[in-house]
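Asks: Residues per chain are reported as follows:
Number of protein chains: 2
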Amino acid sequence: MQQAHQLDATFAALADPTRRAILARLAKGEASVMELAGPFDMSQPAISKHLRVLERAGLISRSRDRQRRPCRLEAKPLAEADASLERYRQIWEANFRRLDALLEEMTAQRKPVKIEKGRRKP
Amino acid sequence: MQQAHQLDATFAALADPTRRAILARLAKGEASVMELAGPFDMSQPAISKHLRVLERAGLISRSRDRQRRPCRLEAKPLAEADASLERYRQIWEANFRRLDALLEEMTAQRKPVKIEKGRRKP
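So the protein lines, in turn, are chains A and B.
If you count the first sequence from 1, you need to add 7 to reach our numbering.
If you count the second sequence from 1, you need to add 7 to reach our numbering.
Fair warning: there could be bad hints in the mix.
One copy or any two copies: either way a pair holds, since identical chains are not told apart in the list.
Computed list of lysine-lysine pairs in DSBU-like fashion (alpha-carbon distance at most 35 angstroms, straight line) [what the hints assert, rightly or not]: (1) Lys56 with Lys83; (2) Lys35 with Lys56; (3) Lys83 with Lys35.
These are calculated hints, taken from the structure and not from any lab test.
Extracted from the complex, chain A is given alone in its bound form (with noise of 0.2 angstroms):
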């Protein structure tokens, strides 16, 4: 898959509730369709679709064991859109400095604190 069009399906895949609790679930170790249920009070169909979703955008393959069929989370696509948003992060670091150092700025300001037996009063 293109690079883009990887990060498309990456994105649309991410854009489910229950697909993310799935990865996050995966995230913690293989599992089969029966075992992903479970926790989602959803039938096995409405699973295997999602499921099927995550596997055609990569993030999940499957196991070739057929009896059992085990999930595992494949973090290669996940780890390149990670990286796509590390431009804007950027952008939400510098705001955080400009508050950080706004709030410096108010402290320094304030008057001299009591000192009250070795506790600063707020």
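Got chain A sorted already, so can you dock chain B onto it with the hints?
Replies: Same frame as chain A, but now just chain B:
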């Protein structure tokens, strides 16, 4: 917007290359629709449609300045989407660590290298 719905909207908005490119442009600073449409070889209505998706998802805001209405990036939902990928990050970092350990082991098992005039041959 509830957090799960916000994440749905954020990831759905990110699942398109034009919208990701618009966000990347806005990460550098405010821009008008005209300025955004320029590099995309796309009509202004097409760009406006993408902007509406981004605005509904809360990823951009538009100034009330009626003449130009510049768009700006709203980093908070992107920071939340990034944070939600945190739990998978542990998985791929563990994968990288395993790979590093394997490489180190392979290097340690190699025969001693021949040093020639202070230059180490691979």
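Asks: If a hint holds in the structure, say so; if it does not, say that too.
Replies: Now for the hints, and whether the structure bears them out:
1. For the homomeric pair Lys56 and Lys83, the shortest alpha-carbon distances inside one copy (22 angstroms) and between copies (31 angstroms) are both at most 35 angstroms.
2. Taking identical chains as interchangeable, the C-alpha atoms of Lys35 and Lys56 lie at most 35 angstroms apart only when both belong to the same chain, with a minimum of 21 angstroms there against 39 angstroms between chains.
3. In this assembly of identical chains, the alpha carbons of Lys83 and Lys35 lie at most 35 angstroms apart whether taken from the same copy (16 angstroms) or from different copies (27 angstroms).
The structure shown violates none of the earlier numbered hints.
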